[in-house]
Structures are given as structure tokens and as C-alpha cells.
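Trainee: Next come the chains, spelled out residue by residue.
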Amino acid sequence: MHARMLPYLLILPVTLFLCVFFLYPFVLVSQQAFTTGGGFTLDNFREVIGYWKFPISLSNTLLLAAIVVPVQLALSLLMATMVSRMEKGRDLILYIWTIPLGISDLAAGIIWLAIFEQSGFLNSMLYGVGAIETPINFLSYQNPAIVFLAIALAEIWRATAIMLVILVAGIGLIPKEYYEAAEVFGASPWQRFRRITLPLLRPSLQTALILRVILAFEVFAVVAALGGTLFPVLMGETYAYQFDLLNSGAAAAMALIILALSIASTLVILRVLRIPKGARI
Amino acid sequence: MREVVLDRHEGEVDYQPNENGPWLTRLLAELEAGSGTIGVLGGLHGELAALDPNDLTDLDDLGVGAASGTFNDLSKLGTDHVQYIPWMQASYVMAANKEALEYLPEGADIDALSYDELIAWAANVHEATGQPKFGFPAGPKGLKHRFFQGYLYPSYTDGVVRTFASDEAVTAWEKFRELWEHTNPASTNFSFLQEQLLSEDVWIAFDHTSRLAQAFNERPDDFIAFPAPAGPAGRGFMPVLAGVAIPSTAPEVDAAKALVTYLMEPETQIATLRATNFFPVVDVELPADLPPSVQAAGGAIAKMSAAPDANPGLLPAGLGDAGGDFNRVFVDTFERIVLARQDIRRVLDDQKRRLEAIMNESGASCWAPDAPSDGPCPVE
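First to last, the protein sequences are chains G and V.
Using the numbering used here, the first residue of the first sequence is number 1, and each one after it goes up by one.
Using the numbering used here, the first residue of the second sequence is number 282, and each one after it goes up by one.
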């Protein structure tokens, strides 16, 4: 009896924690989103979707995710394969690569702001080598492409490591025998990567992608630090509704829209990277 | 605040500065719970006006108030009773690096500039230095909306709400676009122009007096403060008013009232001025040894309000919790007309509908310089 109850007992604290700090607030937020004083209404959603900045912030958020996540996926795959091949210094490299994980996203935004600012490192460097005569203002409304690039760079720098960690663990789980067998049959490194690593890495890829895509929809502090009001994103608009306009209903509606996006993308990733029943580890 | 202002008070004060979001969230949570720990609230008029007057203790019996009748009326928040006590005031002024003075257009008096002269001046500086050196607080935390509500609109249209989409407003935005040509494009990241004045990225600036103070205090001989410019309808300007209130959930009302009374004493008001660069609201004689920022800003404000063409506007009143939405109409209009360069007439007609909805929903009647209204202030 003890042995049968034990697993449930062990997950009880986490379940309780999630219920109190996630499910309960979630129910409250949904309530807020669908009411405005009176009964059930879609007014909050109508308001936030009808606002002229909504399409801009939605497309900005999606575009940022569409550019940043694939780059991060490629980078982290490359880095994970490199790390798993290393014999010496593997841990050291891993530690160094995961340093950005330890930095809060606002701090990361400010680091990159210090680089791109009018009196920042990039301008000082360009000036130092004589490439420019006066500092260039990179992050201005006249250069939306550079603002976007700076935000994408900061995001890639900051959050690639989280995918890397998951993929490194995943690669470690792949039995060596497959590679040895492939080598016997003369498979090239590229073939081994495509035919063994990628398919067997699917579960980790799933996790890494889901996590990363959801975080990409929640991007906020990096954008606020680098773009100010120049690059509106969904999460920034949510903040503005809550704290500038004191409109909790609209903020809740925005939060639910972001949640819907996250769920939809999770389902897509689960479907695309699904693992056939017989092949599960 | 703790060391200069509150230390002479007999009771013990636990002073906690807050961003306005968390400030409001905490207060609302205490009000909802029906019991609180906040004894005295300090905030700007707009923040206090966003509260339900029923949640604030009536303060008529305290017997203290501002010297200005307008401020005392504002502090009733549309009710018959005093909801908060006017505490301190500030305003927005212009500041310039003295190096910019030689580029002033001929015949222009810096204490009586017009918008056209300001534009010409900024253009001269732009041409001479090769860089646009006018600075405007258009950053995320910048107070740009107050410039439109209290300065640009009153100066050109003699109104804010009624005249929002008038032909004069189109002219005002055209002029602002001209000024923007000579404005540092990084202004969309500027929120406290003292920083850009000190770094000399900006030579001529508009901002709140307390957001310019550091520049004057660090290098008093390099900068000059002067009144805001005038347009065809006069020299529009807007005072900023902060107040103290006692929430209905205050644990010790008597101690809270004692603190409010203390804050209104002349010596405390002068100490507050030294600590915050916000000016007294009661009649006091200012000592001669005030910091350079206070002297500079005080002089500019005095000239501005004494100017023959002065057209003082009031803070938006009666908007309740729609104050943020009201500001957003002006910020959005700015972003669309100036940054996105959309057609002025089309943007104004479009934003006008938002403004109308906000006025009707909140039922706020007109405030100066708009002509008074029965019922919600109409957008004409």
C-alpha cells in the first residue's frame, strides 16, 4: 500500500503549489478577462484587438519568435554536438556557455543597450578605429531594422543556453551502439547526425522548442530596455494596460491571448515532432 | 525625504517610495481587504483622482490647505469635501545649454519666445553643429503627454478637449513636426532630460522641473531655465500638483492627520522643496540659500505665470481611472503623426472618437483653458 501511494504523495507538494500559484490565479484572470462589472462579455477582447497597436505588437512578437527561435535551434544543436564530442574541458565550456542563463532578462537588455547606445561601446569602437566621425544613433525610430536586430541579438545571446542544456542532456541519452553500428557501415558524420542524433533527439527537441517558443511570446524586458516604445510587443501592451491604464480586464484579455498563442504553438510542435508509439524510450 | 523632511516629525514615519503601479495595486488590495497598513498616501493629482473618493477620508476638519483656491477645489475630486490636501507643486519649463544662446534668432527674447522662434532657434543650432539638439521627453517614462495637454494645445487652440481635432490643432501638430526635424531622434528613449543636457546630446530641452534639476545642480553656470514658448492663443503652461490623502483603511487616523498637518507647515514645505524640487503650496518666504535648480526653475515659472500672454491650463480633472486612457490618446496621436508620419487630419479625426468615448464614459466636464461645459466635455 505504501509503495503504491508513494508516487502520489511525492507529487502532492508540486501539485498543490501549481494549484495555488498557477491554476487559481489563472481562473481569476480568466474571470477578469470575460467580465466588465456585469456578466459575461467579450468587450475586453474587443477593446484590445480593436486597438491600433494590436496588429503591430502581434506581428512584432510573432516575427521575433519566427526569427529568433530557428536561429537558436540551429545554434544550440551545433553547440550541443560540439560539446558532446569533447573529451577534455567539456564542463568548463558548458559553464561558460550557460552564463547568460544566470542573468535576468532586464539585465541582458541593459547590457546590449550599453553596446548599441549613442554613447555605447559599439559607437566608441567604431569611432576609435576611425570608421565614423560622430556617434550614430542606432536605436532610433528611423532605424526600425537595427532596433529589431539588436533585440533579436540580445534574445539569441540570452536564451540559447536554455535549449542547449536540454539538448546536451538529450544527446547524452542516445546509446553509443547506434553510432558504432553506423560507423561500421561507413556512415559519414553528417549522415550519423541526420539519421541517428536528430530522430533520437526528438523528445528533447520537443521540450526545448516548446519552452523556447513560449518564452518568446512572453518577451518583455529585453524589448523594453532596447526598443522603449519603438517596438511594441504583446507582453509590453499587457503591462501598459495593467499599470498605465489601470485596466485589469484588458490586461487579463491580453494575457489570455498570449496563453492561447502559446497553447496553439505547443500543439503544433507536439504534432510535428510526435514520436511514434513503438519508438518511445 | 527621510533625512531632510521627516526627521523633525514627532511621530515615527515609515516612508516607502513606490512606482505608481505597485502603489495603486497595494492600495487597492488593502481597500478590498478592508484593513490596511498605509496611513498617509502621497501622489500626484492624477493618481489620487483615479481613486474612488469614498475610499479616502474627508479632510475638511484639518483646517490646512493650499494658498491657491484652484488647488483646493481640485483636491475635492468633484465632491463637496476635501479628499486630499495639496502638498507640493511643480511645472514644466524649458532649459538650455548656454552655448546654444548665440544661435537665438535675431530679436528673440529668451523669456518671451514664440514657438516659431523656438523652431528657428533649434534649426540654427542644428545647422551650426550638424546635429539636432532639441530634446523632448518622448521615452517610455517621459512626460510627453503633458506637453501636448498643457503646452502645445493651449498655446495653439486655447483648449485641450473641445479643440482636439480643430484646424488650429492641425497647425499645432504641423509646427510640432517642424520642431521634430531639429529634435534629437533618440528622444524616443529620453525620460529625464537632465541626463541628455549633462551629456550634451541635447542643448535645448523641455521637461518637468524636477527632471531637469540635476543638470542645474551639477553645473549651475552652464545651463539656463526659461519659460515655455507661446503660440497664437497665448503661452500655455500647466502646473503639476501632488497631494497627501488618508485612505479609509488607515490604521491610526489621528497619527496620519498629525503627519499631514506637519507636512503643511512652512518649514516642512521648504525642506520638501530642498529634497524634491517640488515647490510649496502654502505662502512661505523662500530662503536665499536654495539649490541652483530651485532658483533657476523658480525664476522660469514666475516669469511664465506673470507673462502678459500667460494661458495656464489645469491638470485633467474628473477623469477618474480613465486618466491613463486620456494620456494615451495624446501619446498615440504623437506616435502616429510625428513618428509614423500619418496624415494629421485623418489621425485627429480617428483619435477624436477615442477621446469622445473617454469623456462620455467618465462624464468629466471641461477644465481650463477649455470653456466650461454642462455634462461631459464635448470634442468639437
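FYI, nobody ran anything at the bench for these hints, they're computed from the structure.
One thing to keep in mind: the hints can contain errors.
[Claimed, not checked] Restricting the straight-line Cα-Cα distance to at most 25 Å, the calculated cross-link-like pairs of lysine-lysine (BS3-like) are:
| hint | chain 1 | residue 1 | chain 2 | residue 2 |
| --- | --- | --- | --- | --- |
| 1 | G | 176 | G | 277 |
| 2 | V | 379 | V | 584 |
| 3 | G | 53 | V | 633 |
| 4 | V | 422 | G | 53 |
Trainee: Could you run down the list of hints and mark each one as holding or not?
Mentor: Here is what the structure says about each hint:
no.: 1; hint: G/176 to G/277; result: holds, 22 Å
no.: 2; hint: V/379 to V/584; result: holds, 19 Å
no.: 3; hint: G/53 to V/633; result: holds, 17 Å
no.: 4; hint: V/422 to G/53; result: holds, 18 Å
Hint violations for this structure: none, all hints satisfied.
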